[in-house]
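Colleague: Chain by chain, the residues run as shown.
2 protein chains.
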Amino acid sequence: MPQSGLDPAIAAQLRRDAHGLFPAVAQQWDTGEVLMVGWMDDEALHRTLTTGRVTYFSRSRQEYWTKGETSGHRQWVHSVALDCDGDTVLVRVDQEGPACHTGTRSCFDETRALAAVVVPVDERPAVAS
Amino acid sequence: MPQSGLDPAIAAQLRRDAHGLFPAVAQQWDTGEVLMVGWMDDEALHRTLTTGRVTYFSRSRQEYWTKGETSGHRQWVHSVALDCDGDTVLVRVDQEGPACHTGTRSCFDETRALAAVVVPVDERPAVAS
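So the protein lines, in turn, are chains A and B. In terms of this note's numbering, the first sequence opens at residue 12 and continues consecutively. In terms of this note's numbering, the second sequence opens at residue 12 and continues consecutively.
Excised from the complex, chain A in its bound form:
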């Protein structure tokens, strides 16, 4: 793993994949909208925690990528949390403009919904005891 400036106490909690990466979920802090999922390594998380803006690691380009650098659609950090087993981070952000490179606010645009079976509340079986 490359040297990173990340606090060793945080680094010790992380569980990374074989490439040293973990998913980072970006959520608009006030509306709760899930905007996108990117990837981070220790250094990307370090930059995200210390610069006020979200930095990811691009798997396709194999480089750091600070959101909005070229598009101007910056993500300002509101808060960052690890999950219970340290293999994902949730970054609450204030997103300027669209988060998605396709121009939609979220990468999970409703036009990308898949048909799914939804069980109405009154048809849910009781939990077996």
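Read the hints as simulated data drawn from the structure, not as lab findings. Heads up, some of the hints might be wrong.
Said to hold, decoys possible - Using C-beta positions, here's what the derived DEER-type ranges look like:
1. A:73 to B:81: 37 to 43 Å
2. B:137 to A:139: 55 to 61 Å
3. B:23 to A:128: 18 to 24 Å
Here a beta-carbon is modelled for each residue, glycine too, at the ideal position from N, C-alpha and C.
Given chain A, work out where chain B should sit, using these hints.
Modeller: Same frame as chain A, but now just chain B:
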């Protein structure tokens, strides 16, 4: 990749990692709370789309895992969306009880927040033109 019942039109849009997996973000559909991130393969997504409940693939146990099977903390599907490049899904759910195996509602409990620099809105520089 193992045979799966997933609609080939959906399977064709997916981009999986070297293990055939992709992250799945579970969000409480009405409050917007991000509950957890799990992993799916084609068959887990197929089961999620067709049974009304969320099924993940456990990387540690290498088996399918329908959320709530043992805990009773079931996740009922509300809607499912692929992201723009097909490498993540967002599952909006109705979560019964805590989503986290530690007993907290979300795996990104506020006690797991990391210290982060937050730039106030009026101190954000203009986007370079």
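Colleague: Lying within 55 to 61 Å: is that true of the beta-carbon distance residue 137 of chain B to residue 139 of chain A?
Modeller: holds, 59 Å
Colleague: With respect to the beta-carbon atoms only, verify the hint that residue 73 of chain A and residue 81 of chain B lie 37 to 43 Å apart.
Modeller: Hint holds: Cβ distance 40 Å, inside 37 to 43 Å.
Colleague: For the hint 18 to 24 Å, verify it against the beta carbon of residue 23 of chain B and that of residue 128 of chain A.
Modeller: holds, 21 Å
Of the hints listed earlier, there is not a single one the structure fails to meet.
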